[in-house]
Amino acid sequence: MARLDQDILDFIAGNPGVGRDAIRKGAARDVSETTVWRVLKRLVDEGRLEVSGKGRATGYQLAGSTVVRAHLTVPYNRRSPISYKPEFLDAYVPDKTWYLPQADRDRMLEAGRPQGSAMPAGTYARRILEQLLVDLSWASSRMEGNTYDILQTERLIRFGEEAEGKDRKEALMILNHKEAIQYVVDNLEEVSLRRPDLFAIHALLSDGLLADPAMSGRLRAMPVGISHSSYRPLDDAVTIEEEFDILLQKATQITNPFEQSFFLLVHIPYLQGFADINKRTSRVASNIPLLKSDLAPMSFTTMDDRDYIDGLIGIYELNNVSLFREVYIDAYLASAEKYRVLRAEVESPHKAAIAYRDFVRAAVRRSVLEFKGFRYDDVMIMAAEAGVPKADQESVVAYVAEQLAGLHEGNAIRYRLKPEDLTGVTLA
4 MARLDQDILD FIAGNPGVGR DAIRKGAARD VSETTVWRVL KRLVDEGRLE
54 VSGKGRATGY QLAGSTVVRA HLTVPYNRRS PISYKPEFLD AYVPDKTWYL
104 PQADRDRMLE AGRPQGSAMP AGTYARRILE QLLVDLSWAS SRMEGNTYDI
154 LQTERLIRFG EEAEGKDRKE ALMILNHKEA IQYVVDNLEE VSLRRPDLFA
204 IHALLSDGLL ADPAMSGRLR AMPVGISHSS YRPLDDAVTI EEEFDILLQK
254 ATQITNPFEQ SFFLLVHIPY LQGFADINKR TSRVASNIPL LKSDLAPMSF
304 TTMDDRDYID GLIGIYELNN VSLFREVYID AYLASAEKYR VLRAEVESPH
354 KAAIAYRDFV RAAVRRSVLE FKGFRYDDVM IMAAEAGVPK ADQESVVAYV
404 AEQLAGLHEG NAIRYRLKPE DLTGVTLA
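For what it's worth, my numbering labels the leading residue of the sequence shown as 4, then goes sequentially.
Treat the hints as calculated values from the structure; they're not laboratory data.
Note that this is a predicted model, so its numbers are computed, not measured.
Heads up, a few of these hints could be off.
Pairs of lysine-lysine, DSBU-like flavour, derived with a Cα cap of 30 Å [said to hold, decoys possible]:
| hint | residue 1 | residue 2 |
| --- | --- | --- |
| 1 | K282 | K172 |
| 2 | K295 | K354 |
| 3 | K28 | K99 |
Produce the entire structure from the sequences given, and follow the hints as far as they go.
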(Lines of atoms letter the chains of each structure in order from A and count residues from 1; the text may use other names and numbers.)
(Lines give C-alpha, C1' and ligand atoms only; values in the text may rest on other atoms or scores of the structure.)
Protein backbone atom coordinates (compact mmCIF):
# COMPACT_ATOMS: atom_id res chain seq x y z
CA MET A 1 0.00 0.00 0.00
CA ALA A 2 2.91 2.35 0.72
CA ARG A 3 4.11 1.91 -2.89
CA LEU A 4 0.64 2.68 -4.25
CA ASP A 5 0.38 5.75 -2.01
CA GLN A 6 3.67 7.07 -3.31
CA ASP A 7 2.88 6.32 -6.95
CA ILE A 8 -0.37 8.26 -6.62
CA LEU A 9 1.30 11.17 -4.80
CA ASP A 10 4.08 11.42 -7.38
CA PHE A 11 1.57 11.33 -10.24
CA ILE A 12 -0.55 14.06 -8.67
CA ALA A 13 2.57 16.15 -7.99
CA GLY A 14 3.27 16.20 -11.72
CA ASN A 15 -0.39 16.66 -12.66
CA PRO A 16 -2.03 18.95 -10.07
CA GLY A 17 -5.82 19.04 -10.26
CA VAL A 18 -6.01 15.64 -11.96
CA GLY A 19 -9.19 13.54 -11.63
CA ARG A 20 -9.68 10.05 -10.23
CA ASP A 21 -9.90 8.26 -13.61
CA ALA A 22 -6.66 9.83 -14.83
CA ILE A 23 -4.94 8.93 -11.54
CA ARG A 24 -5.99 5.30 -11.96
CA LYS A 25 -4.75 5.17 -15.57
CA GLY A 26 -1.54 7.03 -14.83
CA ALA A 27 -0.47 5.66 -11.45
CA ALA A 28 -2.67 2.68 -10.51
CA ARG A 29 -3.51 0.90 -13.76
CA ASP A 30 -3.69 -2.57 -12.18
CA VAL A 31 -5.73 -1.48 -9.15
CA SER A 32 -9.51 -1.46 -8.85
CA GLU A 33 -11.46 1.79 -8.88
CA THR A 34 -12.68 1.09 -5.35
CA THR A 35 -9.14 0.70 -4.04
CA VAL A 36 -8.01 3.92 -5.72
CA TRP A 37 -10.99 5.79 -4.25
CA ARG A 38 -10.20 4.48 -0.75
CA VAL A 39 -6.54 5.46 -1.04
CA LEU A 40 -7.43 8.95 -2.25
CA LYS A 41 -9.95 9.40 0.55
CA ARG A 42 -7.40 8.29 3.15
CA LEU A 43 -4.70 10.61 1.76
CA VAL A 44 -7.15 13.49 1.93
CA ASP A 45 -8.09 12.58 5.50
CA GLU A 46 -4.40 12.44 6.44
CA GLY A 47 -3.91 15.94 5.06
CA ARG A 48 -1.59 14.78 2.28
CA LEU A 49 -4.01 15.66 -0.55
CA GLU A 50 -6.52 18.41 -1.14
CA VAL A 51 -9.70 18.19 -3.22
CA SER A 52 -11.23 20.76 -5.54
CA GLY A 53 -14.50 20.60 -7.44
CA LYS A 54 -17.33 18.09 -7.15
CA GLY A 55 -18.61 15.02 -8.97
CA ARG A 56 -16.93 14.43 -12.31
CA ALA A 57 -15.04 17.71 -11.90
CA THR A 58 -13.34 16.54 -8.69
CA GLY A 59 -9.59 17.09 -8.84
CA TYR A 60 -6.73 16.30 -6.47
CA GLN A 61 -3.52 18.14 -5.62
CA LEU A 62 -0.87 17.77 -2.97
CA ALA A 63 -1.85 19.46 0.26
CA GLY A 64 -0.10 22.78 0.46
CA SER A 65 0.00 25.20 3.34
CA THR A 66 -3.79 25.34 3.64
CA VAL A 67 -4.18 22.53 6.18
CA VAL A 68 -1.39 23.78 8.39
CA ARG A 69 -2.39 27.44 8.11
CA ALA A 70 -5.94 26.60 9.12
CA HIS A 71 -4.65 24.71 12.15
CA LEU A 72 -2.47 27.63 13.17
CA THR A 73 -5.39 30.04 13.31
CA VAL A 74 -6.28 28.45 16.65
CA PRO A 75 -4.11 29.92 19.46
CA TYR A 76 -1.54 27.37 20.60
CA ASN A 77 -2.81 27.42 24.20
CA ARG A 78 -6.23 26.35 22.93
CA ARG A 79 -4.95 23.51 20.78
CA SER A 80 -5.07 20.02 22.26
CA PRO A 81 -1.74 18.77 23.66
CA ILE A 82 0.01 16.48 21.19
CA SER A 83 2.63 13.93 22.19
CA TYR A 84 5.45 12.47 20.13
CA LYS A 85 4.15 9.81 17.73
CA PRO A 86 6.65 7.03 16.93
CA GLU A 87 4.48 5.97 13.99
CA PHE A 88 5.38 9.20 12.14
CA LEU A 89 8.98 8.00 11.89
CA ASP A 90 8.06 4.31 11.65
CA ALA A 91 5.86 4.93 8.61
CA TYR A 92 8.77 6.40 6.66
CA VAL A 93 10.41 3.82 4.39
CA PRO A 94 13.64 5.12 2.80
CA ASP A 95 13.46 5.35 -1.00
CA LYS A 96 9.80 4.27 -0.92
CA THR A 97 8.28 7.08 1.11
CA TRP A 98 8.97 10.54 -0.32
CA TYR A 99 8.37 13.83 1.43
CA LEU A 100 9.59 15.64 -1.69
CA PRO A 101 7.79 14.70 -4.94
CA GLN A 102 9.89 13.60 -7.92
CA ALA A 103 9.12 16.76 -9.87
CA ASP A 104 10.49 18.94 -7.06
CA ARG A 105 13.55 16.76 -6.56
CA ASP A 106 14.33 17.05 -10.26
CA ARG A 107 13.84 20.81 -10.18
CA MET A 108 16.20 21.22 -7.22
CA LEU A 109 18.78 18.94 -8.82
CA GLU A 110 18.80 21.08 -11.94
CA ALA A 111 19.13 24.25 -9.86
CA GLY A 112 21.68 22.80 -7.46
CA ARG A 113 24.22 21.60 -9.99
CA PRO A 114 26.96 24.26 -10.05
CA GLN A 115 27.96 25.61 -13.44
CA GLY A 116 31.29 24.65 -14.91
CA SER A 117 33.23 21.47 -15.52
CA ALA A 118 33.34 18.50 -13.17
CA MET A 119 35.58 18.71 -10.12
CA PRO A 120 37.14 16.20 -7.75
CA ALA A 121 34.82 15.26 -4.88
CA GLY A 122 34.76 17.88 -2.14
CA THR A 123 36.39 20.61 -4.25
CA TYR A 124 33.18 22.57 -4.70
CA ALA A 125 32.47 22.57 -0.95
CA ARG A 126 35.93 23.97 -0.22
CA ARG A 127 35.52 26.63 -2.89
CA ILE A 128 32.27 27.98 -1.48
CA LEU A 129 33.31 27.55 2.16
CA GLU A 130 34.15 31.19 2.84
CA GLN A 131 30.76 32.39 1.60
CA LEU A 132 28.87 29.52 3.25
CA LEU A 133 30.46 30.24 6.63
CA VAL A 134 29.01 33.74 6.58
CA ASP A 135 25.63 32.96 4.99
CA LEU A 136 24.67 29.89 7.00
CA SER A 137 26.10 31.20 10.28
CA TRP A 138 24.12 34.41 9.90
CA ALA A 139 20.86 32.90 8.68
CA SER A 140 20.75 30.01 11.16
CA SER A 141 21.59 32.36 14.04
CA ARG A 142 19.01 34.89 12.86
CA MET A 143 16.39 32.15 12.99
CA GLU A 144 17.18 31.82 16.70
CA GLY A 145 16.63 35.54 17.34
CA ASN A 146 20.24 36.67 16.84
CA THR A 147 20.36 40.40 15.98
CA TYR A 148 23.69 40.52 14.09
CA ASP A 149 23.20 41.63 10.50
CA ILE A 150 25.05 39.84 7.72
CA LEU A 151 27.85 42.43 7.47
CA GLN A 152 28.46 42.28 11.22
CA THR A 153 28.49 38.49 10.94
CA GLU A 154 31.07 38.64 8.18
CA ARG A 155 33.35 40.92 10.19
CA LEU A 156 33.04 38.63 13.21
CA ILE A 157 33.83 35.48 11.23
CA ARG A 158 36.67 36.90 9.15
CA PHE A 159 38.28 39.31 11.57
CA GLY A 160 36.96 38.31 15.00
CA GLU A 161 35.38 41.76 15.35
CA GLU A 162 32.40 41.77 17.71
CA ALA A 163 29.61 44.26 17.04
CA GLU A 164 29.19 46.95 19.67
CA GLY A 165 26.15 46.83 21.91
CA LYS A 166 25.42 43.16 21.25
CA ASP A 167 25.07 40.34 23.75
CA ARG A 168 28.25 38.24 23.81
CA LYS A 169 26.03 35.17 23.50
CA GLU A 170 25.12 36.27 19.96
CA ALA A 171 28.75 36.38 18.87
CA LEU A 172 29.37 32.96 20.39
CA MET A 173 26.35 31.51 18.58
CA ILE A 174 27.72 32.73 15.24
CA LEU A 175 31.26 31.54 15.89
CA ASN A 176 29.93 28.14 16.94
CA HIS A 177 28.16 27.87 13.60
CA LYS A 178 31.43 28.68 11.88
CA GLU A 179 33.18 25.85 13.73
CA ALA A 180 30.43 23.33 12.96
CA ILE A 181 30.30 24.19 9.24
CA GLN A 182 34.09 24.13 9.03
CA TYR A 183 34.07 20.67 10.65
CA VAL A 184 31.66 19.34 8.02
CA VAL A 185 33.61 20.72 5.06
CA ASP A 186 37.06 19.80 6.39
CA ASN A 187 35.93 16.22 7.00
CA LEU A 188 33.47 15.92 4.13
CA GLU A 189 34.90 12.69 2.76
CA GLU A 190 34.56 10.90 6.10
CA VAL A 191 31.61 12.69 7.70
CA SER A 192 28.26 10.91 7.58
CA LEU A 193 24.97 10.73 9.43
CA ARG A 194 26.32 8.64 12.29
CA ARG A 195 26.05 9.31 15.99
CA PRO A 196 29.63 10.63 16.33
CA ASP A 197 29.15 13.19 13.56
CA LEU A 198 25.74 14.42 14.75
CA PHE A 199 27.09 14.62 18.29
CA ALA A 200 30.15 16.51 17.04
CA ILE A 201 28.00 19.04 15.19
CA HIS A 202 25.81 19.54 18.27
CA ALA A 203 28.85 19.86 20.53
CA LEU A 204 30.39 22.55 18.31
CA LEU A 205 27.13 24.46 18.00
CA SER A 206 26.41 24.35 21.73
CA ASP A 207 29.92 25.14 22.97
CA GLY A 208 29.59 27.59 25.86
CA LEU A 209 25.83 28.01 25.39
CA LEU A 210 24.42 25.30 27.66
CA ALA A 211 24.09 25.63 31.43
CA ASP A 212 25.55 22.16 31.86
CA PRO A 213 28.54 21.53 29.55
CA ALA A 214 27.93 17.80 29.85
CA MET A 215 24.72 18.19 27.79
CA SER A 216 26.79 19.23 24.79
CA GLY A 217 27.12 16.44 22.20
CA ARG A 218 24.88 14.07 24.15
CA LEU A 219 21.23 13.01 23.97
CA ARG A 220 19.08 14.45 26.72
CA ALA A 221 17.83 12.72 29.85
CA MET A 222 15.49 15.56 30.82
CA PRO A 223 12.08 16.79 29.60
CA VAL A 224 11.89 19.78 27.27
CA GLY A 225 9.08 21.98 25.99
CA ILE A 226 8.37 23.72 22.69
CA SER A 227 7.56 27.43 22.79
CA HIS A 228 4.22 28.49 21.28
CA SER A 229 3.20 24.93 20.47
CA SER A 230 0.97 22.29 22.03
CA TYR A 231 3.53 19.62 21.12
CA ARG A 232 5.12 17.62 23.95
CA PRO A 233 8.31 15.76 23.00
CA LEU A 234 9.37 12.47 24.54
CA ASP A 235 10.65 12.63 28.11
CA ASP A 236 11.95 9.06 28.44
CA ALA A 237 15.72 8.83 27.91
CA VAL A 238 15.66 5.20 26.78
CA THR A 239 13.00 5.84 24.13
CA ILE A 240 14.83 8.96 22.94
CA GLU A 241 17.95 6.85 22.39
CA GLU A 242 15.96 4.24 20.47
CA GLU A 243 14.18 6.78 18.28
CA PHE A 244 17.41 8.63 17.57
CA ASP A 245 19.04 5.45 16.31
CA ILE A 246 16.03 4.66 14.12
CA LEU A 247 16.14 8.22 12.75
CA LEU A 248 19.81 7.89 11.78
CA GLN A 249 19.36 4.40 10.38
CA LYS A 250 16.59 5.60 8.08
CA ALA A 251 18.44 8.78 7.14
CA THR A 252 21.52 6.84 5.99
CA GLN A 253 19.36 4.63 3.75
CA ILE A 254 17.92 7.56 1.80
CA THR A 255 19.78 7.83 -1.50
CA ASN A 256 18.42 11.15 -2.79
CA PRO A 257 20.41 14.06 -1.25
CA PHE A 258 17.44 16.45 -1.15
CA GLU A 259 15.12 13.96 0.47
CA GLN A 260 17.86 13.10 2.96
CA SER A 261 18.44 16.77 3.73
CA PHE A 262 14.73 17.44 4.22
CA PHE A 263 14.26 14.31 6.33
CA LEU A 264 16.89 15.59 8.79
CA LEU A 265 15.24 19.01 8.97
CA VAL A 266 11.94 17.31 9.80
CA HIS A 267 12.90 14.59 12.24
CA ILE A 268 15.78 16.02 14.29
CA PRO A 269 13.60 18.88 15.60
CA TYR A 270 10.57 16.58 15.92
CA LEU A 271 12.44 14.18 18.18
CA GLN A 272 14.14 16.98 20.15
CA GLY A 273 16.88 14.52 21.05
CA PHE A 274 19.16 17.16 22.54
CA ALA A 275 18.46 19.39 25.52
CA ASP A 276 18.62 22.41 23.19
CA ILE A 277 20.00 23.48 19.79
CA ASN A 278 18.13 20.79 17.86
CA LYS A 279 17.04 23.05 15.00
CA ARG A 280 20.54 24.46 14.55
CA THR A 281 21.93 20.93 14.48
CA SER A 282 19.39 19.94 11.83
CA ARG A 283 20.22 22.96 9.65
CA VAL A 284 23.94 22.26 9.60
CA ALA A 285 23.45 18.48 9.24
CA SER A 286 20.99 18.98 6.38
CA ASN A 287 23.86 20.30 4.28
CA ILE A 288 25.93 17.13 4.60
CA PRO A 289 24.14 15.17 1.84
CA LEU A 290 24.06 18.22 -0.43
CA LEU A 291 27.77 19.02 -0.09
CA LYS A 292 28.78 15.35 -0.38
CA SER A 293 26.90 15.28 -3.70
CA ASP A 294 28.67 18.46 -4.91
CA LEU A 295 25.39 20.33 -4.93
CA ALA A 296 24.73 23.91 -3.92
CA PRO A 297 24.16 24.14 -0.16
CA MET A 298 21.06 25.29 1.68
CA SER A 299 22.11 28.59 3.23
CA PHE A 300 18.66 29.50 4.68
CA THR A 301 19.37 33.16 3.92
CA THR A 302 16.08 33.70 2.07
CA MET A 303 13.92 31.44 4.22
CA ASP A 304 11.14 33.30 6.02
CA ASP A 305 11.60 32.71 9.75
CA ARG A 306 7.86 32.75 10.47
CA ASP A 307 7.09 30.25 7.73
CA TYR A 308 9.91 28.03 8.98
CA ILE A 309 8.46 27.96 12.49
CA ASP A 310 4.91 27.51 11.20
CA GLY A 311 6.10 24.63 9.06
CA LEU A 312 7.75 22.99 12.05
CA ILE A 313 4.59 23.40 14.13
CA GLY A 314 2.72 21.64 11.34
CA ILE A 315 5.15 18.77 11.79
CA TYR A 316 5.04 18.84 15.59
CA GLU A 317 1.25 18.93 15.92
CA LEU A 318 -0.06 17.40 12.68
CA ASN A 319 2.87 15.36 11.33
CA ASN A 320 2.15 17.31 8.15
CA VAL A 321 5.21 18.36 6.15
CA SER A 322 3.34 20.31 3.45
CA LEU A 323 4.09 23.89 4.55
CA PHE A 324 7.61 23.00 5.61
CA ARG A 325 8.16 21.39 2.19
CA GLU A 326 7.06 24.55 0.38
CA VAL A 327 9.36 26.67 2.51
CA TYR A 328 12.30 24.31 1.96
CA ILE A 329 11.93 24.12 -1.81
CA ASP A 330 11.55 27.87 -2.30
CA ALA A 331 14.52 28.63 -0.05
CA TYR A 332 16.73 26.03 -1.70
CA LEU A 333 16.07 27.29 -5.21
CA ALA A 334 17.03 30.82 -4.12
CA SER A 335 20.13 29.55 -2.30
CA ALA A 336 21.24 27.42 -5.25
CA GLU A 337 21.04 30.35 -7.65
CA LYS A 338 23.65 32.19 -5.61
CA TYR A 339 26.05 29.30 -5.10
CA ARG A 340 26.00 27.81 -8.56
CA VAL A 341 28.03 30.71 -9.96
CA LEU A 342 30.77 30.67 -7.35
CA ARG A 343 32.77 28.17 -9.39
CA ALA A 344 34.25 30.88 -11.60
CA GLU A 345 37.29 31.23 -9.35
CA VAL A 346 40.00 28.59 -9.88
CA GLU A 347 40.77 26.14 -7.11
CA SER A 348 44.54 26.51 -7.47
CA PRO A 349 46.35 28.84 -9.91
CA HIS A 350 48.46 27.22 -12.60
CA LYS A 351 52.17 27.08 -11.80
CA ALA A 352 52.88 29.06 -14.97
CA ALA A 353 50.81 31.99 -13.69
CA ILE A 354 53.35 32.54 -10.93
CA ALA A 355 56.67 30.80 -11.66
CA TYR A 356 56.78 31.77 -15.35
CA ARG A 357 54.68 34.90 -15.24
CA ASP A 358 57.12 37.05 -17.26
CA PHE A 359 57.57 34.38 -19.92
CA VAL A 360 53.81 33.86 -20.33
CA ARG A 361 53.31 37.59 -20.77
CA ALA A 362 56.06 37.81 -23.36
CA ALA A 363 54.82 34.73 -25.24
CA VAL A 364 51.22 35.98 -25.42
CA ARG A 365 52.36 39.44 -26.58
CA ARG A 366 54.59 37.96 -29.30
CA SER A 367 51.86 35.56 -30.42
CA VAL A 368 49.52 38.52 -30.89
CA LEU A 369 51.86 41.15 -32.27
CA GLU A 370 54.20 38.98 -34.38
CA PHE A 371 52.74 35.48 -34.91
CA LYS A 372 49.11 36.70 -35.23
CA GLY A 373 48.03 33.51 -33.48
CA PHE A 374 49.36 30.58 -31.49
CA ARG A 375 52.32 28.72 -33.05
CA TYR A 376 53.28 25.76 -30.90
CA ASP A 377 56.82 25.22 -32.23
CA ASP A 378 57.77 28.88 -31.97
CA VAL A 379 56.47 29.19 -28.39
CA MET A 380 58.32 25.98 -27.44
CA ILE A 381 61.55 27.52 -28.77
CA MET A 382 60.81 30.66 -26.76
CA ALA A 383 60.32 28.57 -23.62
CA ALA A 384 63.64 26.80 -24.07
CA GLU A 385 65.47 30.07 -24.76
CA ALA A 386 63.84 31.61 -21.65
CA GLY A 387 65.24 28.82 -19.46
CA VAL A 388 61.93 27.09 -18.68
CA PRO A 389 62.94 23.59 -17.43
CA LYS A 390 62.26 20.85 -20.00
CA ALA A 391 59.89 19.09 -17.57
CA ASP A 392 57.67 22.18 -17.44
CA GLN A 393 57.84 23.32 -21.07
CA GLU A 394 54.78 21.50 -22.47
CA SER A 395 52.60 22.54 -19.54
CA VAL A 396 53.71 26.18 -19.77
CA VAL A 397 53.21 26.34 -23.53
CA ALA A 398 49.74 24.81 -23.15
CA TYR A 399 48.97 27.53 -20.59
CA VAL A 400 50.06 30.19 -23.09
CA ALA A 401 47.68 28.68 -25.67
CA GLU A 402 44.85 28.72 -23.12
CA GLN A 403 45.48 32.36 -22.24
CA LEU A 404 45.61 33.33 -25.89
CA ALA A 405 42.31 31.55 -26.63
CA GLY A 406 40.63 33.50 -23.82
CA LEU A 407 41.92 36.87 -24.95
CA HIS A 408 39.45 39.62 -25.93
CA GLU A 409 39.11 43.40 -25.90
CA GLY A 410 38.07 43.51 -22.26
CA ASN A 411 41.11 41.65 -20.87
CA ALA A 412 43.89 42.42 -23.37
CA ILE A 413 45.28 44.90 -20.84
CA ARG A 414 46.57 41.98 -18.77
CA TYR A 415 49.27 41.53 -21.41
CA ARG A 416 49.76 45.25 -21.99
CA LEU A 417 47.92 44.98 -25.29
CA LYS A 418 45.40 47.38 -26.81
CA PRO A 419 42.06 46.22 -28.26
CA GLU A 420 43.22 47.16 -31.76
CA ASP A 421 46.21 44.82 -31.35
CA LEU A 422 43.81 41.87 -31.62
CA THR A 423 42.68 42.79 -35.14
CA GLY A 424 43.57 39.98 -37.55
CA VAL A 425 44.77 37.65 -34.79
CA THR A 426 43.57 34.03 -34.73
CA LEU A 427 42.73 33.46 -31.09
CA ALA A 428 41.04 30.03 -31.17
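Now the hints, each set against the structure:
no.	hint	in the structure
1	K282 with K172	holds (17 Å)
2	K295 with K354	holds (29 Å)
3	K28 with K99	holds (21 Å)
Consistency with the previously given hints is maintained throughout, with no hint failing.
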